[in-house]
Amino acid sequence: MTGTTGVVGALGRVNSLVLVTLGLLGLVASLGVRDLASAGVALGACLAFGLLLLPRGTGPAARFLAVVVAVASVAWSTWLLGGHDPTVAAVAGMRIAVLALPGVALAPLVDPSGLADQLGQRLRLPARFVVGVAAALQRFERLGEVWEQASRARRSRGVGPGRGPVGRSRHAASVTFAVLAATLRDATAMSVAMDARGFAAAHARTWAEPAPWTRTDTAVLALGAVAAALPYAVLVVR
Amino acid sequence: MSAPLFLRSTPRAAVRYRTVDLVTVAMLGVAVGVVFWGWTQLYHLLSAGLAVAFPPATGLLGGGWLLGGVLGGLIVRKPGAALLTEVVAASVEALLGADWGFSAIVSGVVQGLGVELVLALFLYRRFGAAVAALAGAAAGACGAVYEWFAYYPDWAWGFRLAYLGFFAASGALLAGLGGAALVRALARAGVLDAFGPGRDLADRAAQG
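For the record, the sequence lines run as chains A and B.
Residues 1 to 238 in my numbering are what the first sequence lists, from first letter to last.
Residues 1 to 208 in my numbering are what the second sequence lists, from first letter to last.
Excised from the complex, chain B in its bound form (with noise of 0.2 Å):
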């Protein structure tokens, strides 16, 4: 045996939630919640060219709105944690005030499924930076069908694709490898050594 016993996870103890991973899930949450209504002063000073000359382009800039699920995902490394960190942060910031009104919520919930179904496909043993940018550009894709129904249903077909592509690519660029390498940056600090990011970089390092 590589591990000692008490070292070794089994399924069970992988799926059960600690009760560090249900206070980081919701307060990571929160902070992602807090980072987005603070984002979105950012967003409007950059969407607004592209909005009025070409709408679907705005997709490029909804992947910083994938970031928590993505983080909570890669950090806490347990089935819903995506789900859960990205609805807790789309309801902070509906609360916040969010354009959109409470239908943030429902936006969150369809994009940290879209974590999800990635994650669970790698049966939630692979977090390197390709398995997050495909799950961020699976968020972008889920979120931006979504759309499609809730705010786009009249453009034509072209436009919504080009909105699907560029959603999901800003998805596995800022959520995925943006998330991926925030993920890494926070272990390096040190604020992650009660999860699976801050274990790997120990036993890298102790590896040498």
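Bound conformation, chain A alone (with noise of 0.2 Å):
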């Protein structure tokens, strides 16, 4: 089934509730960062894990520059506001790194349905609030093309966004009420339309698709937990 296409790319092949938990457990290593070894070690094992199990072509690659940004600006405070110590910095910077990399890297392959089949069959979570998240997040692409809408509409009645910082805000501010005042009214159009079907009453619910574990998916998961466990380790032997 799986498992026989071997190592490299298996984040391809794992359920996205494994993704979610291993952009997770990026934190869990985050905070057993403390000084360099722990930070190159946290680093090291991140980079090797993604390297080694992230499928070529995996989402654009600029979404990483959001990254370099918030590890440049967490280390730069760090030097001015913790006594310009560079190796404080440094290590805050890598720390920022093993806590946002495995998100950014994984966050393209997280498929929003999957997960609520997850959310819902293997870990148990309320059906009712599992399936109202997966009908609104079906209307995602939806609330892209209103926000589009709503913009090309104030430009084109001359309100669209100024060049400074204020013009722009406004403008923000003004799109967002479009936005919410379209969600809000389709979620009351929805919910009747779900409680028509019987939504709010139902007793035994089934699941239209199965929540598949795999072999695969443990195995990678008790990767991901050996890694994050990894900093933590390099302090104990210290």
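Bear in mind the hints are in silico, worked out from the structure with no lab data behind them.
One should not assume that every hint holds.
[Said to hold, decoys possible] From chain A, some residues computed to sit far from chain B (all C-beta separations above 10 Å):
1. V8
2. L43
3. A48
4. V110
5. A204
6. A225
7. V226
8. V237
9. R238
[Said to hold, decoys possible] Facing chain B, a subset of chain A residues (Cβ under 7 Å, in silico):
10. T78
11. A136
12. F140
13. V179
[Claimed, not checked] Cβ-Cβ distance ranges computed for the label pairs, FRET-style:
14. B/G158 <-> A/G59: 39 to 47 Å
15. B/G158 <-> A/R205: 52 to 60 Å
16. B/F149 <-> A/V192: 38 to 46 Å
All residues carry an ideal CB built from backbone N, CA and C; glycine is no exception.
Combine both chains into one complex, guided by the hints.
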């Protein structure tokens, strides 16, 4: 079934719950980064994990620029406000890389419906809420359209964004209001439609899709947990 | 009795989520997540100068990211609505590709809890501008304390406290007062008729 195609690119074959857990393990690992040694080990593990297991050509490479900006800003602020110590600043920057990289790398692989299936069927979160979120996520692409339409409509009426931060903030606020109003109107209409199909009164709920869990899932999750434990291991050993 | 029996909300009915509550929390969360992502560009533009000159002042711009919880709490008016809205919003932002990866989800939990804390303090009965401002401030304070540990553990204490102050003030203003004004405007636009703010507006109109 799985596991037959080898280790390379295994992250492309695990379910979305594992992907999100791995992303959160980045936070766990980052909290164990205290000095250069633990930072180096954690970041090394993170990079090795990604280079080995992430399928080639996942998502736009430009998304990693945001991580570079975050790392630079935290390293700078730590240098400025934390006693002008370059080592402390470098460790702080590496800590943010460990924190952010897994999530940013894995985000394009996460499938929202698959994640909802896992949350409902494996974690047994309240089904009504999970289904509600899954339904909302299906409207997700429409939201991007609404945002686009609202800003284009404003531009064509001559109330587009100005150049300065004030004009842009005002434009952002106005488009935000339009998107929220459209969303709330949709939500009311959709909940009426859902209740008309017996959503509120359902007792035994079935799921359209299964939420499979494979050996690859277990293996990748275990590997991620070990990688996240490495910085703590370094701290204990030293 | 002032109101007919079927209109009076018992504590049980107030806690139980109707379908429209659930769907609204979820869809509002998704919409706010998209809005967060839309704001990121603006944020980078505004924050770059602050981040170089005096990093704690970036907290002044953080309040926008607390809007989800305040909106969810003020609109649905039930325990958990603020937390769920903020968590869904943060998750959507993380999936769209937030700078801080999936830790945005944890930020969402912490900030949503800040809003819940204040709403619970008022027993989920007061949803005016003052309570909204307090809720926004609490969300900012909780968010700042989390960021002390996750992002800025090496800052000197004075700067950490300054960051907390800026973040809380921004939360009170942008998310709190801004959120309360937004909810009033949405109610006037007629999209909150199924919720407390819409009913309040109708009540006031009926009284003349």
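Margin query: Of all the hints numbered above, which does this structure not satisfy? Sort the numbers upward.
Written below: Hint 4 is the one this structure does not satisfy, whereas the remaining hints hold.
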